[in-house]
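Protein chains in written order, with our numbering: chain Z, 660 to 802; chain V, 76 to 587.
It is worth saying that the hints were derived from the structure and are not from the lab.
Heads up, a few of these hints could be off.
[Said to hold, decoys possible] Below, a list of computed lysine to aspartate or glutamate pairs in the DMTMM-like style, where the Cα atoms sit at most 20 Å apart:
#: 1; chain 1: V; residue 1: Lys214; chain 2: V; residue 2: Glu369
#: 2; chain 1: V; residue 1: Lys327; chain 2: V; residue 2: Asp279
#: 3; chain 1: Z; residue 1: Lys695; chain 2: Z; residue 2: Glu685
#: 4; chain 1: Z; residue 1: Lys695; chain 2: Z; residue 2: Glu684
#: 5; chain 1: V; residue 1: Lys508; chain 2: Z; residue 2: Asp717
#: 6; chain 1: Z; residue 1: Lys695; chain 2: V; residue 2: Asp433
#: 7; chain 1: V; residue 1: Lys508; chain 2: Z; residue 2: Glu685
#: 8; chain 1: V; residue 1: Lys214; chain 2: V; residue 2: Asp433
#: 9; chain 1: V; residue 1: Lys508; chain 2: V; residue 2: Glu369
#: 10; chain 1: Z; residue 1: Lys695; chain 2: V; residue 2: Asp279
#: 11; chain 1: V; residue 1: Lys327; chain 2: V; residue 2: Glu369
#: 12; chain 1: V; residue 1: Lys508; chain 2: Z; residue 2: Glu684
#: 13; chain 1: Z; residue 1: Lys695; chain 2: V; residue 2: Glu301
#: 14; chain 1: V; residue 1: Lys180; chain 2: V; residue 2: Glu301
Because the structure is a prediction, the values reported are computed rather than measured.
Here is how the chains run, residue by residue.
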Amino acid sequence: MSDRIFGVFGILLSIGYVFAALAIEESFLSDAVGPKAFPLIIAAILGLSSLAIVLRPDAEPQWPTLGRLAEIAAAVVVMILYAEMLPVAGFVIATAFAAAYLAWRLGSSALESVFVGVGTSVGIYVIFHLVLGLSLARGPFGF
Amino acid sequence: METLANLGDGFAIAITWQNLLLALLGCFLGTIMGALPGLGPSNGVAILIPLAFTMGLGATPSLILLTSVYYGAMYGGRISSILLNIPGDEPAMMTCLDGYPMAKKGLAGEALSLSGIASFVGAFFATWGLILLAPQLVKIALLFGPAEYFALFALAFMTLGGVSSTNQAKSAFAAALGLGLATIGVDTQTGVPRFTFGEVHLYDGLDFLVAIVGLFALSEVFIFLENRHGGSDAEGKKMVIGKLYPPMSMIKQTTPTMLRTSFLGFIAGVLPGAGASLGSFISYSMEKRLVDKEGTFGTGDPRGVAAPEAGNNAAAGGALVPMLALGVPGSGTTAVLLAVLLALNITPGPLLFTQNPDVVWGLIAALFIANFMLLAMNIPMVGLFTRVLMIPSRILMPIVAMVSFVGIYGISGSTFDLLVMIGFGVMGWGLRKLDVPLVPIILGTLLGNAMENNLRRAVTIDNGDWWTLIDSPLSLGLWAVAIIGFILPLIFGARVKAKMRQRRDEEGAISD
Chain Z
660 MSDRIFGVFG ILLSIGYVFA ALAIEESFLS DAVGPKAFPL IIAAILGLSS LAIVLRPDAE
720 PQWPTLGRLA EIAAAVVVMI LYAEMLPVAG FVIATAFAAA YLAWRLGSSA LESVFVGVGT
780 SVGIYVIFHL VLGLSLARGP FGF
Chain V
76 METLANLGDG FAIAITWQNL LLALLGCFLG TIMGALPGLG PSNGVAILIP LAFTMGLGAT
136 PSLILLTSVY YGAMYGGRIS SILLNIPGDE PAMMTCLDGY PMAKKGLAGE ALSLSGIASF
196 VGAFFATWGL ILLAPQLVKI ALLFGPAEYF ALFALAFMTL GGVSSTNQAK SAFAAALGLG
256 LATIGVDTQT GVPRFTFGEV HLYDGLDFLV AIVGLFALSE VFIFLENRHG GSDAEGKKMV
316 IGKLYPPMSM IKQTTPTMLR TSFLGFIAGV LPGAGASLGS FISYSMEKRL VDKEGTFGTG
376 DPRGVAAPEA GNNAAAGGAL VPMLALGVPG SGTTAVLLAV LLALNITPGP LLFTQNPDVV
436 WGLIAALFIA NFMLLAMNIP MVGLFTRVLM IPSRILMPIV AMVSFVGIYG ISGSTFDLLV
496 MIGFGVMGWG LRKLDVPLVP IILGTLLGNA MENNLRRAVT IDNGDWWTLI DSPLSLGLWA
556 VAIIGFILPL IFGARVKAKM RQRRDEEGAI SD
């Protein structure tokens with residue numbers, strides 16, 4: 660069933676791609692092929708392979724339970740927050756929180772998580788910023 | 076003779092303090108990444124690319140660092156195969172078969188050192204093979220026009236699923252998805268924006284490094300979160316290594332095996348769509364058929380340890396041949412290495428050998444040096460790496476995630492790229508669950524523009540005649556191979572894959 664849904668999604672994707680490709684405004688200075696042809700070929704392959712997936716699906720993959728799915732969703736939210744907060748809070752603080760969260764969710768105890776978070780963040784800061792000179796996001800305190 | 080002179084120049088480039096240090100660092104990190112289940116050569120290299128890039132390393136030093144990681148990971152994979160019966164990366168799967176029984180018999184140290192020697196032999200001969208074969212391939216590639224290149228790219232995609240593919244439709248889907256992603260951005264030939272939906276960030280196209288790190292590294296973090304696999308695989312098992320040097324008789328007994336499988340692995344590596352996993356698989360199967368008269372394979376036969384290790388390291392070297400000579404990688408990790416070259420504005424392919432001989436020969440010399448370093452690291456110091464196996468993933472995975480973020484942020488400094496990377500991470504997780512291979516996606520985003528440009532150039536040169544794509548014997552030949560390579564797995568694929576998967580306990584669409 661998963662494969663069938665996936666295949667239908669693929670077909671919709673290829674149709675959307677075709678429409679987006681047809682909407683490309685051609686420049687008056689175009690080569691013999693133009694900017695639309697290649698995307699249309701790709702869309703055809705995408706559509707055909709999706710159709711094949713719908714018609715001959717594989718065995719059902721093992722999907723995680725709802726709880727585990729929520730776990731992944733939560734991690735994604737934390738990562739998005741991390742990306743957004745990085746320029747605001749600065750590298751060291753944002754990274755410490757994000758790394759601690761991930762460590763906690765992977766089964767570390769509270770104390771260990773804090774330790775992993777701070778350790779990862781400071782460790783990366785020292786190695787990549789102080790030693791290797793990579794520019795990291797600066798926060799209100801300059802780190 | 077010219078080759079030797081070139082190689083000499085290469086050594087002159089490779090032997091600087093910086094390059095030697097980078098090779099050492101790469102070997103060390105690579106062995107660790109190979110040894111840790113969950114980090115393989117492709118995601119190991121993927122995580123390090125942005126760093127090499129932002130550290131401002133030149134082309135040769137970056138390549139030296141990253142190919143050392145690649146070679147190192149091929150060595151490292153065997154450690155957890157032997158000690159824990161869990162392959163550290165996909166190519167090391169076959170090493171479990173005889174490595175773990177040897178360890179159970181109390182011969183762990185012998186198995187580790189013997190497989191280290193086998194890895195060395197495989198990689199050593201493969202590097203020579205690379206030196207001899209790549210220039211020949213370059214000579215052929217110089218005859219290629221745009222139409223032939225287009226056919227070559229098509230061949231790369233159609234064979235990428237490889238002999239071991241179970242579902243060619245999914246490989247094709249992945250390739251088309253990758254190529255589609257590559258078309259996002261301003262069209263290089265006419266300057267019109269495509270599929271940007273008015274988003275300014277997309278005008279430059281998607282950065283393939285962002286896609287690679289997201290698909291390979293972040294999706295791995297999600298897999299670990301899903302399984303809440305926070306402990307270390309070594310927990311609760313005691314690892315006694317014992318004597319670290321194999322007896323002479325064991326080396327003598329396994330020498331013919333190593334030589335044969337090095338050759339076989341190298342060929343498997345050069346062929347499109349095979350790669351190191353298949354290299355180790357056919358090496359083991361062939362040796363089993365050839366020398367296993369008493370039925371000792373699978374019960375801790377040293378030859379069963381030497382065969383897959385020599386095979387996969389030789390295949391790793393072999394896989395570099397098409398990547399360097401044609402600019403078309405045949406495996407996941409070489410695709411990632413291609414990304415390094417492209418990010419540094421170096422176009423691999425036949426011209427690389429004439430325009431940047433320093434890069435090519437410096438790299439090859441560095442491979443020799445790295446191989447000796449790895450031998451030195453992997454036999455006396457193997458105890459150090461076994462300790463790395465004790466690091467639980469609840470500590471490791473946050474570090475992997477954060478280093479990925481740092482690398483990407485270091486390149487662009489934009490939050491937008493980080494969000495795209497997270498998107499790719501989620502997509503990678505979903506596709507892996509659905510058993511869609513990720514490597515064609517990467518290859519598609521990498522090669523999409525070159526493929527389209529060659530297509531358009533070929534057709535434009537012939538005034539819009541599309542038949543030009545198949546009007547030379549060379550391109551006809553390439554198309555024929557491509558079509559055979561696509562159809563063959565439909566017939567044999569399921570069988571080979573089933574055999575390879577018998578020993579696999581973890582899913583994952585990342586192959587070497």
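Checked hints:
1. V:Lys214 <-> V:Glu369: violated (47 Å)
2. V:Lys327 <-> V:Asp279: Between V:Lys327 and V:Asp279 the Cα gap is close to 57 Å, so the pair fails against 20 Å, i.e. violated.
3. Z:Lys695 <-> Z:Glu685: holds (8 Å)
4. Z:Lys695 <-> Z:Glu684: Measuring from Cα to Cα gives roughly 9 Å; hence the hint holds.
5. V:Lys508 <-> Z:Asp717: holds (12 Å)
6. Z:Lys695 <-> V:Asp433: Given pair Z:Lys695, V:Asp433 is violated - Cα atoms ~39 Å apart, limit 20 Å.
7. V:Lys508 <-> Z:Glu685: Violated, because 39 Å separates the two Cα atoms, which is more than 20 Å.
8. V:Lys214 <-> V:Asp433: holds (18 Å)
9. V:Lys508 <-> V:Glu369: Roughly 41 Å between the alpha carbons, so the hint for V:Lys508 and V:Glu369 is violated.
10. Z:Lys695 <-> V:Asp279: Roughly 18 Å separates the two Cα atoms, so the pair holds.
11. V:Lys327 <-> V:Glu369: holds (18 Å)
12. V:Lys508 <-> Z:Glu684: violated (37 Å)
13. Z:Lys695 <-> V:Glu301: Since the Cα atoms of Z:Lys695 and V:Glu301 sit roughly 40 Å apart, the hinted pair is violated (cutoff 20 Å).
14. V:Lys180 <-> V:Glu301: With Cα atoms ~35 Å apart, V:Lys180 and V:Glu301 exceed 20 Å; violated.
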